[in-house]
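The listed protein sequences correspond, in order, to chains C and S.
The numbers in our numbering rise by one with no breaks, and the one at position 72 of the first sequence is 72.
The numbers in our numbering rise by one with no breaks, and the one at position 76 of the second sequence is 1076.
FYI, nobody ran anything at the bench for these hints, they're computed from the structure.
Quick caveat, the model's predicted, so the values are computed rather than measured.
Hints may contain errors.
Said to hold, decoys possible - Derived list of chain S stretches under chain C, where covered just means 3 residues or more per stretch with a C-beta under 8 Å from a C-beta of chain C:
| id | region |
| --- | --- |
| 1 | 1017 to 1023 |
| 2 | 1045 to 1055 |
| 3 | 1100 to 1109 |
Ideal placement from N, C-alpha and C gives every residue a C-beta, glycine not left out.
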Amino acid sequence: GAVVSQHPSWVICKSGTSVKIECRSLDFQATTMFWYRQFPKQSLMLMATSNEGSKATYEQGVEKDKFLINHASLTLSTLTVTSAHPEDSSFYICSARTGGPPNTGELFFGEGSRLTVL
Amino acid sequence: GENVEQHPSTLSVQEGDSAVIKCTYSDSASNYFPWYKQELGKGPQLIIDIRSNVGEKKDQRIAVTLNKTAKHFSLHITETQPEDSAVYFCAASVPSGTYKYIFGTGTRLKVLA
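Based on the sequences and whatever the hints tell you, model everything.
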């Protein structure tokens, strides 16, 4: 299957600092990428849809000023957690869809990034 | 909006036995249903999927069935092996906008050797 690379795989930061997580589609172009958050032993919660060349679409309850998303190219989307606090500690996972028209491609996930805010 | 329910939340089976995980969805317009396997500390991996124009799909020991009328779909794993132990998520694709996926709550499968 297609490869989605996520970096870093884990990061520890101090409260109040910002952290950037990168998501790259290595062997295909993705006009749409998705960012999820996953708490321990829970399901994936969709945070936002990242659209290449336009603003991200955030799910209800997700602070767009807290979680900045940039989709500058067809192979790269970034999630920046600004002014991180301990409650932002979580497993963040990105995904990208292959294929042309919506709902025709498959969704592949990155390996996830574990953020710990001290 | 779409809602996906998944059962059971945990499942233990003996090696060699079969495992079945069931999901129901609420939006009758949903037309794509993938299944993902997630190992500890890793991202989900697509293992099989099915579209609404198909009732069943099989790939070696894994099969998925879809009942559009009842709005439920199931994952079947036969001849389970210890390496099948993981968390499995079902999902339904919402056929509008960016076709985002709504995930089930996950099933922790443990295959006992």
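**Prompt:** Are three or more residues of the region 1100 to 1109 of chain S within 8 Å, CB to CB, of chain C?
**Reply:** Three-residue rule met by the region 1100 to 1109 of chain S, so holds; n is 8.
**Within 8 Å of chain C (C-beta), three or more residues of the region 1017 to 1023 of chain S** = Result for this restraint: violated, n = 0.
**Message:** Please check whether the region 1045 to 1055 of chain S has three or more residues whose CB lies within less than 8 Å of a CB on chain C.
**Reply:** holds (count 3)
Hint violations for this structure: number 1 only, all remaining hints satisfied.
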